[in-house]
Amino acid sequence: MESGFVAREAWAFEAAYQAFKSALFGAAVGILADREDAEDAVHDVLARLWQRGHAYSTARGSLRAFLIACVRNEALSRRRKSSNRLRIEQTIRPEMVEPADESLADRDRIARALELLGEKQREAIRLSFEEGLPYAEIALRLNEPAGTIKSRLSNAVRTLRAHFAAQGETL
Amino acid sequence: MNDPRNEHLEEAAELYALGALPDAERTAAEAHIAHCGECARRVGQAEETVAVLVGPQAPSAQLDRRIHALFVRRGGGARAFYPLVAAALIIALLPGAFFWQRDRDLRASDAVNRQAVAAMIGSHFLHSQFVKVAPDAPPAKAIFARNGAWVYVIAVTDRDLTLNAGGRVLGKLSGTGNERAIFVEHPPATKSLVLSDGSRVLAHAAVALP
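From first to last, the protein sequence lines stand for chains A and B.
Following the working numbering, the numbering of the first sequence begins with 4 at its first residue and continues without gaps.
Following the working numbering, the numbering of the second sequence begins with -9 at its first residue and continues without gaps.
One chain only, chain A, in its complex shape (with noise of 0.2 Å):
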C-alpha cells in the first residue's frame, strides 16, 4: 500500500483511508469538535494529496503518521482561519463531540506517558496538542519567550518518542 501510495495510485489512496480512518477522523474531530468539519478535513486532505503530490517516502516513517500529520494541520488551519472560533469554543458543548473510541487502557497509558513530563512541558504539549496552539501563541500564553517554548515543545515530543518506544508502543 505504501509503494501505491507513494505512486499516487488512487486505489492505494482508498486503502490508506480504510486502514486508518478511525485514526484520521480522530485527528480532526479532536481539534475541530464538528463531525460535519472534521469529515471534510479528512476528505480535502486525501484529494489534495492526491491531486497535488505530497511529501510522503517510506524514509520518513509510517503512512499513518504522516496522514494523521496532514489531518492535524488541516484541521488546525480551519481552526485558526475560522472567524468565528472564539465563538465555537464558548458554545461547543462537551456532549456534541462524541468520545474517541479509545480504551480505557489507551487513555491510561497515554496519561502515564504525559505524567513522565515537567509541568511546564505538559501544559505545552497541551496547549500544543488539545488547544492546537501554535508556539508564539503559547509563549503569549505562558508569558515565556518563544525559543523557550519551540525548545520545550521538541524535548517533550522526544521525552514522550523515547518512552513509547521503551514501552515497545507502535510507532
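None of these hints come from the bench; they were simulated from the model.
A couple of the hints might just be wrong.
[Claimed, not checked] Quick list of the computed label-pair ranges, beta carbon to beta carbon:
id: 1; chain 1: A; residue 1: T61; chain 2: B; residue 2: P12; range: 26 to 32 Å
id: 2; chain 1: A; residue 1: A168; chain 2: B; residue 2: H25; range: 25 to 31 Å
id: 3; chain 1: B; residue 1: R55; chain 2: A; residue 2: R112; range: 30 to 36 Å
[Stated by the list, open to error] Anything over 12 Å on all C-beta distances counts as not near chain B; from chain A, calculated:
id: 4; residue: S85
id: 5; residue: G121
id: 6; residue: E122
id: 7; residue: K123
id: 8; residue: N146
[As the list claims (entries may be wrong)] With the C-beta cut set under 7 Å, the calculated list includes, among others, these residues of chain A facing chain B:
id: 9; residue: A22
id: 10; residue: G64
id: 11; residue: S154
id: 12; residue: V160
id: 13; residue: L163
id: 14; residue: A165
Remember, predicted model here, so these are calculated numbers, not experimental data.
We treat Cβ as the ideally placed atom computed from N, Cα and C, and that holds for glycine.
With chain A fixed as given, assemble chain B onto it according to the hints.
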C-alpha cells in the same frame, strides 16, 4: 544570505509534527523536508509520536462513500481495475455494508477479496498488468507481495479462468458477475504468471516472486 531551505529543522521538526509552526515557517519546513532525508526522518519520528496521542473515532458511512467516489471518479490509467479493488476493500472492511450482504452470490469472491485486502494492508506489494496473448483475453491484473508471500489476480470477465506459473496450475479464479479473482499464498518463485481458459493461454503478466 543563506537559503533557509538548506538549514536543518532541528527542534522545529517536532513543532512541525505537532502543527505548532505558523504558516510561513511551516511552508519553509516543507520545502526543506522535500530534499533533506535527515530532517524528513526526524519529522517522521515526531509524527509517529504525535500519532500515538490521537484517539481514534469512527467516521460516518457518508465519509466512506465520499472517499470512494473521490477515487473512483478521478481514477485513470492503471485504474481500470480500481473498481474491483475498491469493491474488495468495501467488502472486506465494511462487513456491515448491507448492499453487499444482500447479494448471496458474492460470498465466494468475498472470501478471496477479504484475504487479499488483509494481505495488502499488512505488507508491501507491487502490481502488474496482464498482457494479452489472445485477442479475447479479458483485462486482468496481478497484485503480489514484494517478499513473494502471496499473489492476488483479478480479471474483468464472466468466464472460467485458470492461473498458472512455471508450468504449474495455481488454481481457478472464482467469483460472480463480471469479476473473477484468486488469492494464492506461497506461490512458486516465478517471473511470469499466465492466465488460461483451460485450453489456451490468454494473457501473461511479468512479476517478481522470489
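Going down the list of hints, with the structure as the test:
1. A/T61 - B/P12: 26 to 32 Å: holds, 29 Å
2. A/A168 - B/H25: 25 to 31 Å: Holds, since A/A168 and B/H25 (Cβ atoms, about 27 Å apart) stay within the stated range.
3. B/R55 - A/R112: 30 to 36 Å: holds, 34 Å
4. S85: holds, 15 Å
5. G121: Holds, since 16 Å exceeds 12 Å.
6. E122: Nearest chain B Cβ is 18 Å from A/E122, so the label holds.
7. K123: Consistent with the label, A/K123 stays out of reach of chain B, its closest Cβ about 15 Å off (over 12 Å).
8. N146: holds, 17 Å
9. A22: Nearest chain B Cβ about 5 Å off; hint holds.
10. G64: holds, 3 Å
11. S154: A/S154 check passes; min Cβ-Cβ to chain B is 6 Å, inside 7 Å.
12. V160: holds, 4 Å
13. L163: Holds. Min distance 5 Å.
14. A165: Since chain B brings no Cβ nearer than about 9 Å to A/A165, farther than 7 Å, the hint is violated.
In terms of the numbered hints stated before, the structure departs from hint 14 and from no other.
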